[in-house]
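The sequence shown maps to residues 259 to 385 in the working numbering.
If you are wondering where the hints come from, they were derived from the structure by calculation, not from laboratory data. Think of the CB as a built atom: it goes at the ideal place given N, C-alpha and C, for glycine as much as any other residue. A couple of the hints might just be wrong.
Listed next, with one range per pair, are the computed distances between beta-carbon atoms [as the list claims (entries may be wrong)]:
#	residue 1	residue 2	range
1	Glu337	Glu382	38 to 48 Å
2	Glu337	Val385	39 to 49 Å
3	Arg336	Asn363	13 to 23 Å
4	Leu357	Glu329	39 to 49 Å
5	Asp349	Leu297	32 to 42 Å
6	Arg377	Asn296	39 to 49 Å
7	Ala378	Leu297	41 to 51 Å
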Amino acid sequence: MANPSDIDRTTGVIELAHCTVPLSMVDGYRLETHFESNLGVGIVGDLPPGPVTVLRLGGDELEHLWCENSEALPTTTREGRCRTQLDVRVDPQAVSAVLDHPLGNHLVVLYGHHAEELRAWWLEYIV
């Protein structure tokens, strides 16, 4: 799960950042302080590039879904953001939906292209 730090409508690149990450998703990591508080521990995870699915559920009954097959890009750590960072390239039209019809702040990222299966599950069990 991560927060969008920057979104480029033209290129479809979403910069994601969070101070925690499942260690099973990273190639390596180091520990620093939590970004916003400068206290405790934040994980700086090295997330590999490759195919990913990015999604967000929203609404009182989770009746809204935004889910896109995407590409995780090689990402350079930027100052002034949460510790673990990942740039993903999404279809630019899909990026506009995130900005124009937000369902919340956090986005979920999982490796592999699973949008079709996740949409089918959502239609079967949620809607």
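Exercise. Could one say that the CB atoms of Asp349 and Leu297 fall in the range 32 to 42 Å?
Worked result: holds, 39 Å
Problem set entry | Range agreement (Cβ of Leu297 with Cβ of Ala378, hint 41 to 51 Å) | About 43 Å separates the Cβ atoms of Ala378 and Leu297, which means 41 to 51 Å holds.
Problem set entry | Range hint 39 to 49 Å (beta carbons of Arg377 and Asn296) holds or violated | With Cβ atoms ~40 Å apart, the hint holds.
Problem set entry | Hint check for Glu382 and Glu337 - Cβ pair distance inside 38 to 48 Å | holds, 44 Å
For this session: Can you let me know if the beta-carbon spacing of Glu337 and Val385 is within 39 to 49 Å?
Result: holds, 42 Å
Problem set entry | Whether the CB-CB distance between Leu357 and Glu329 falls inside 39 to 49 Å | Distance hint for Leu357, Glu329 is violated at roughly 19 Å.
Problem set entry | Range hint compliance [Cβ, Arg336 to Asn363, 13 to 23 Å] | holds, 18 Å
Consistency note: the structure conflicts with earlier hint 4 alone.
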